Amino acid sequence: MKKRSLGSKGMPASTVAFGAWAIGGWKWGGTDTQASIAAVQASLDAGVDFIDTAAVYGFGLSEKIVGEAIQGRSREDIVLATKCGLRWDIETATLHADTKEKKIYRTLDADSIHWELEQSLERLGTDYIDLYQTHWPDPEIEIEKVVDTLESLKAQGRIRAWGLCNEAPERLSAAASSGSLASDQERYSLLDREQESGNLPVCVEHDLGFLCYSPIAQGLLTGNLDASRRFADGDLRNDNPRFSPAVREAVQTMLAPINALAQDKGVQTEQLVLAWTLSQPGVSHVLVGTRSIEQAIANASVGELELNSDELALIQRAADSWPGFAALV
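If you read the sequence shown in my numbering, its first letter stands for residue 484, the second for the next number, and so on.
It should be emphasised that the hints constitute simulated quantities derived from the structure, not laboratory data. If you're wondering where the values come from, they're calculated on a predicted model, not measured in any experiment. In this text, a Cβ means the ideal position worked out from N, Cα and C, and glycines have one as well. Check each hint, because a few of them may be wrong.
[Claimed, not checked] Here are the computed distance ranges between Cβ atoms for each label pair: (1) E787 x E559: 38 to 46 Å; (2) E677 x L795: 16 to 24 Å; (3) K485 x R558: 40 to 48 Å.
[To be verified] Using 16 Å as the maximum straight-line C-alpha spacing, the simulated EDC-like pairs for lysine to aspartate or glutamate come out as follows: (4) K583 x D572; (5) K748 x D716; (6) K486 x E787; (7) K486 x E789; (8) K583 x E787; (9) K485 x D515; (10) K583 x E794; (11) K628 x D572; (12) K486 x D560; (13) K637 x D610; (14) K547 x D515; (15) K637 x D690; (16) K547 x E605; (17) K748 x E794.
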């Protein structure tokens, strides 16, 4: 398994990380705890040492599942990342989302960050976090104050490094200039390449890790989501314009040459997509979620998958042919 550093201020971690959003169940049609634990453990056994979760995933459930999955393993061998800043137990901050289950609020004031960290440590069954990230920016709090809070936690040894997610380039650059920022986490995939002119150049300039979430576009890039696929109740892809029949048909057309290459190489389409993503300038890691042992093992193997220049060029041509979601929804 290849490893890359989480920027100049972070630690080495496997290029493929286990993304733990789906195992929390929320927005993914529920979860099977034992199957999720097995998937995390299979991923670790296959060489992945990097797990990314968040307090809000399943309203704490994802962190609890991860905590159970890593029990009995050497803590020093796991790079554990989680996130703060989205709370469902208060009603006094900026509203982030009003879901059927709960209202979620954004807050990154110092007291809240400290409180959230303690809750996450308890759920995860650990006394430190390797990479502590702000999940979404808080419009009421200056980025410099957030940096001060995270630097304080790092100095205390409660976290080893800190990062940001879903940030604007200007705030990302300010944070990198005023503290020991390790990484930025953003949506990036073959279908979502806006960050190439957004935060990726900032990460390259400041030597930050760039973590891609949804690198297979929540399943669109697996090659398995044709227009007839139906999603479970509670799945975020239901009634989502990014998953309309027209979009799925367009994605299938774009993936045709990649599907053919995958068949020739004896690998999955999504493995090629992930390998291409990891080859992009500035990209350091991909976060990939699954609730299947078999897929966890397949995802981990991407860390050893090599593509030659012709194969990368084929995938690049397919990527460049994508018209964009705006043209289809």
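Q. Are the Cα positions of K486 and E787 separated by 16 Å at most?
A. Holds - the C-alpha atoms of E787 and K486 are around 10 Å apart, at most 16 Å.
(Q) Tell me if the straight-line CA distance from K637 to D610 falls inside 16 Å. (A) holds, 13 Å
Q | 16 Å limit on alpha-carbon distance, applied to hinted pair K485 and D515 | A | violated, 30 Å
Q. Does the structure keep K547 and D515 at a Cα separation of 16 Å or less?
A. holds, 13 Å
Q) Holds or violated: K583 with E787, Cα cutoff 16 Å? A) Not OK: K583 and E787 at ~41 Å, beyond 16 Å, violated.
Q: May I ask you to test the hint 38 to 46 Å on the CB atoms belonging to E787 and E559?
A: violated, 23 Å
Q) Hey, K748 versus D716, does the alpha-carbon distance stay inside 16 Å? A) Violated - the C-alpha atoms of D716 and K748 are around 36 Å apart, more than 16 Å.
Q | Holds or violated: K583 to E794, with C-alpha atoms at most 16 Å apart | A | violated, 44 Å
Q) Can the suggested window of 16 to 24 Å be confirmed for the beta-carbon pair E677 and L795? A) Given a distance of about 21 Å, which is inside 16 to 24 Å, the answer is holds.
Q: With a cut-off of 16 Å on the C-alpha distance, tell me whether K583 and D572 pass.
A: Distance of about 15 Å is within 16 Å: holds.
(Q) For a C-alpha distance cap of 16 Å, please report whether K486 and D560 respect it. (A) holds, 13 Å
Q: Please work out if K637 and D690 have their alpha carbons no farther apart than 16 Å.
A: Given pair K637, D690 is violated - Cα atoms ~19 Å apart, limit 16 Å.
When each numbered hint is compared with the structure, violations occur for hints 1, 3, 5, 8, 9, 10, 11, 15.
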